[in-house]
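Asks: Let the hints inform the model, and build the full structure from the sequences given.
Protein chains in written order, with UniProt numbering: chain A, 1 to 119; chain B, 1 to 119.
Check each hint, because a few of them may be wrong.
Repeated chains share a single entry, so a pair holds when one copy, or any two copies, can fit it.
What the hints assert, rightly or not - Dumping the calculated EDC-like pairs for lysine to aspartate or glutamate here, alpha-carbon to alpha-carbon at most 16 angstroms:
id	residue 1	residue 2
1	Lys-46	Asp-108
2	Lys-41	Asp-108
3	Lys-116	Asp-23
4	Lys-41	Asp-73
5	Lys-119	Glu-44
By construction, these hints were calculated from the structure, which means they are not laboratory data.
Fair warning: this is a prediction, and the values are worked out from it, not measured in the lab.
So the chains spell out like this:
Number of protein chains: 2
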Amino acid sequence: MSFDPATLVYDANGLIPCIAQQDGTGEILMMAWMNADAVAKTLETKRVTYWSRSRQSFWIKGETSGHTQELIDLRVDCDQDCLLAVVNQEGPACHTNRRSCFYTSVTDGEEVELMKPMK
Amino acid sequence: MSFDPATLVYDANGLIPCIAQQDGTGEILMMAWMNADAVAKTLETKRVTYWSRSRQSFWIKGETSGHTQELIDLRVDCDQDCLLAVVNQEGPACHTNRRSCFYTSVTDGEEVELMKPMK
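Replies: If you want it as structure tokens, here you go:
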């Protein structure tokens with residue numbers, strides 16, 4: 001069946017969450033949001049493109065930092081309301097310079113830092 | 001630092017997205033939503049508990065189906081607005097009886113089914 005970004009289920013702001021996962025390792029890098037145009041651009045360019053809620057503009061991941069995400073595969077969930085982008089992440093995915101945004105564990109009621117910023 | 005679910009960033013409905021990932025394999029199983037009480041219950045019971053938006057009630061994953069998620073680790077992202085639950089998933093995570101909800105790939109503009117329902 002042919003895929004149309006318009007068939008996805010967007011929230012009241014026209015956005016759908018997208019999880020980015022490193023190809024091969026399975027590491028979860030980040031979660032950000034896309035609108036229908038960002039989904040289309042991501043598929044066309046193979047450069048993962050989000051919608052920045054703070055800037056209200058397209059956010060081609062790594063465009064300024066160089067920490068790009070090359071799209072390997074885009075997957076849709078059973079309810080069509082969440083996306084999974086399997087990617088090749090160049091360097092850190094997180095704005096804190098860590099590989100992943102999910103670097104804080106809640107362990108025995110305490111926040112524990114699992115990884116340091118990359119050099 | 002001690003963790004308090006109230007410090008997370010919730011949306012206008014008081015919800016935060018939570019990604020469930022199988023421990024060890026890195027497989028992404030599903031994404032669903034939690035409110036602050038669901039986060040607290042998940043940490044207390046080690047049984048992953050979401051907030052069902054359709055039923056407007058707690059959803060202890062697997063309570064009726066038996067397809068439970070045992071919490072191995074809960075992680076918070078850099079913006080405190082997304083959670084990652086590393087879990088041991090019993091059987092299928094998806095209501096379609098597939099292991100993961102992300103069973104549809106968009107490949108060359110077509111939807112491709114990556115996995116079949118479990119027996």
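Asks: Confirm or reject each hint.
Replies: Now the hints, each set against the structure:
no., hint, result
1, Lys-46 - Asp-108, "between (41 angstroms within a copy, 11 angstroms between copies)"
2, Lys-41 - Asp-108, "between (42 angstroms within a copy, 14 angstroms between copies)"
3, Lys-116 - Asp-23, "neither (21 angstroms within a copy, 21 angstroms between copies)"
4, Lys-41 - Asp-73, "within (14 angstroms within a copy, 34 angstroms between copies)"
5, Lys-119 - Glu-44, "neither (32 angstroms within a copy, 36 angstroms between copies)"
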